[in-house]
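Engineer: Here is what each chain is made of, one letter per residue.
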Amino acid sequence: MSGMAASSVAVEHIPRSGVWLAKVVPWIAVAALPLALPGYEPLATQVFVMILFALSLDLLVGFAGIVTLGHAGLFGIGGYTAGILSVHGFTDPLLTALCAMVTAAITGLIFGIAMLRTKGLTLLMLTMASAFLLYEIANKATGLTGGEDGLQGVSFAPVFGLFAFDFRGKTAFFYTLAILFLAFAFLRALIKSPFGWSLRGIRENDARMAAIGCPIILRRLIVYVIASAFAGLAGALQAQSTQFVALYSLSFELSGNVLIMLILGGSGRLYGSFVGVPMFMLAQDLLAKQDPANWFLGQGTILIGMVMLAPGGILGVCQRGVAVIRARRRA
Amino acid sequence: MIGTATLETRLLNCAFGANPVIMDVDFTLRPGDRRALIGPNGAGKTTFINLITGRLQPTSGSVLLDGKDITGFGEAKRIRLGIGRTFQITSLFPKMTVRENVFLAVAECEGIAGKFFRSVFYHRPQIMRTDELIERVGLSDAAHVPAQLLPYGRQRLLEIAIALALRPKILLLDEPAAGIPTSESHVILDILSTIPKDIAVLLIDHDMDLVFRFAERISVLVQGSLLVEGTPQEIAADRRVREVYLGESKHGGAAAV
Amino acid sequence: MTTITTILFFGVAYGMILYLISVGLSVTMGLMNFVNLAHGVFAMLGGYATVTFMNRYGVPFLAAVAIGCILVAALGFVLERALYRRLYGRSELDQVLFSFGLILVAVAIVRIAWGPLAQPMRLPDYLKGQVEIFNVTLPAYRLVLVGFGTAVIGGLWCVFDRTLFGARIRAAVDNRAMAQATGINTSRLFAVAFGLGTGLAALGGGLGADILAIAPAYPLQYIVYFLIVVAVGGLGNIKGPFIAALAIGLADTACRYFVPEAGSIFIFAFVFLILIWQPRGIVARR
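Chain order of the listed sequences is P, E and W. Residue 104 in the working numbering sits at position 104 of the first sequence; the count goes up by one each step and never skips. If you want the working numbering, it's the 1-based position in the second sequence plus 331. If you want the working numbering, it's the 1-based position in the third sequence plus 588.
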């Protein structure tokens, strides 16, 4: 009876070469953005970072069926790892990003082992508690993290020793776009693998999966670690592109926001993040400036409206629209 | 090829609190057996299957596979050892297609389910076996239909395909024809006849027509104990069995020759 | 010795507030199987009602709490019938999103109506001082809290264990279909139970307004604690969360006293350890 349906037909069909081209073109178009709209690189970079973050969440929520309200914990761990490393002299962006991924993956492993035996409300609560725990630690360890003021003195060396992170943000733009592309390619391959299919099976009927011999807890743990790694990567990219890390990156508010971003576009279809994130950030930019209360009101109303009227997000609505049109054509 | 195994229970007992459900059941199933387990509602037939597959633990007694005590083994381990089953209440992956449903089981059975670097379609042998199984149960035309959109009878067929995908040495069918009109049950029978000869099959069902046509031997379970065991003719002629079924469907006595 | 007594007392008072707020969540979760993250909203509204009646209209403290309790219970009842019941069969994700959306809407409305700052809680004079009982000096406010809380909790347990209404709730929690089949009107039962649960939350929010500050961020800040009480205590029963709430109240108070630099770190770690040991809560249903 779930409203958030995953598209099974799209995954099953083998893509033809023409379709492949259609999927690459948007990336090239986006990469050309600095030519069309110079000055928007920093905003676009933020969007890329959030898309990566939302993709990692989609792996959990949309595919494995693990609902988490603490995903910002992994994002923040990645950000603080990269930031703290840079403050202490390790400034190579790719290496620190890798370290951030590993740290986040290990964090995800530890929490996952503790949490993933539980289900439902208990699991949800533990995901929240894990992020709150990390937030508190970061808040109190002011010597290491800068506490409420945020981490100061973050700066990174040029990518490959050639492309420096400057105020205009061109380097950050291409750097995050490239990493987003690679990450997306990996996640897409993951979804189409037998492992990815088994995740959907666990989401749809975990009792049945157990009855066909699937080691459920182990699978969920593996996907949690992978999702944590990519969330950490997104956090590191955030630190690298903004040269700053704040407590917000570990907050409950961010966990909620990224979930909303994902749902807005539609979970369970990786492309949903590409739709939901820009829309959310645009709306946030417009509404939150005047009065945060209005922004909360708008967000809340849209969420409630979506759950009651349009489950599946924007892509879900589109999918239903296409189905209706096809049915009408046949009739 | 598929291995074979002998299943045995010795003095198997299971009680829920003070309530005995299975009492001192000695039961043997050999490779190639075509056995049916019948009995009135509440006799404990599904409980017996749950004890064999490991979903339930007995209060005393043992379950043996090829002479080895597997009573302490969990469900997943017993599945790997070759004990397969279908469910009385259909339990499928509703939004996934028939092909995806069966593939999941094939993937787990053949150990490729944990692999995430290559697409599903790279694993040709498993895809082929999936398609074979789907054809065997007659669902090839519906291979791309989500399971929840299948008519109930075809969902039961999908259940059987998933059970077969796990390459069971012992196959336990819990009311495969439940909810299917008797006129259609021959479809189940046709599928059952394609099961390799050396697999042991235990069938539970209330459709006496199906039971008497399928089984070479029938065991009768009443109130947790085995009342009698014999050929279909012997069971049909047995007075005690008729008494137990008095008031229920007339099939029990009349169907056999 | 006095330190231990003080910590005990403060911890029990805090635990009681947590319990009063969370017990409704445990019951409604056990009844409707609905993940209601917005439960903290009702506690917050009870707090706002209490503070507003006290500060603006000069209503006595306990009376203000009572009025807030009744108003919020009515609101809960209406919301259950209008919105919540449409989502009972839906996936966990949908329920989480819905209740999260509800939190955001409530936070926005409260912020617009009362402003972004925490509400000043002006305790009435008779609650400000200290009281001496058995040679121990205790703050009056918390004494009243513990006393009043004990009375309410005792009453709640009586209703749950001894009345027909309580029996119906326990039956419906145990086996909803069966309860319906024996003629219990489960849909009306849910609405009443939801109203009761939210009313209790408002009671806890109002009574505890000096402990858990009444501000727009309330539902987001504290929901994790209410969920902890319910998850550790076990869903669907009312005795388990009591033990859990007291344990959390005492542990948190003790930790903040002895290791203030650690903040809530110990509590969260403590919760993880408990749930690793007993994933279904310390008083699991069967």
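Each hint should be verified, as a subset may be incorrect.
In silico BS3-like cross-links for lysine-lysine, where the CA-CA straight-line distance does not exceed 25 Å [unchecked claim]:
no.	chain 1	residue 1	chain 2	residue 2
1	E	K426	E	K446
2	W	K827	P	K119
3	P	K170	P	K23
4	E	K446	E	K528
5	E	K528	P	K192
6	E	K408	P	K119
7	P	K23	P	K289
8	E	K399	P	K119
9	E	K399	E	K426
10	E	K446	P	K192
No lab work stands behind these hints, which were simulated from the structure alone.
Engineer: Determine for every hint whether it applies to the structure shown.
Structural biologist: Hints and how they fare:
| no. | hint | result |
| --- | --- | --- |
| 1 | E:K426 <-> E:K446 | holds, 22 Å |
| 2 | W:K827 <-> P:K119 | holds, 22 Å |
| 3 | P:K170 <-> P:K23 | holds, 24 Å |
| 4 | E:K446 <-> E:K528 | violated, 33 Å |
| 5 | E:K528 <-> P:K192 | violated, 36 Å |
| 6 | E:K408 <-> P:K119 | holds, 23 Å |
| 7 | P:K23 <-> P:K289 | violated, 35 Å |
| 8 | E:K399 <-> P:K119 | violated, 35 Å |
| 9 | E:K399 <-> E:K426 | violated, 39 Å |
| 10 | E:K446 <-> P:K192 | holds, 10 Å |
Checked against the numbered hints above, the structure breaks hints 4, 5, 7, 8, 9 and satisfies the rest.
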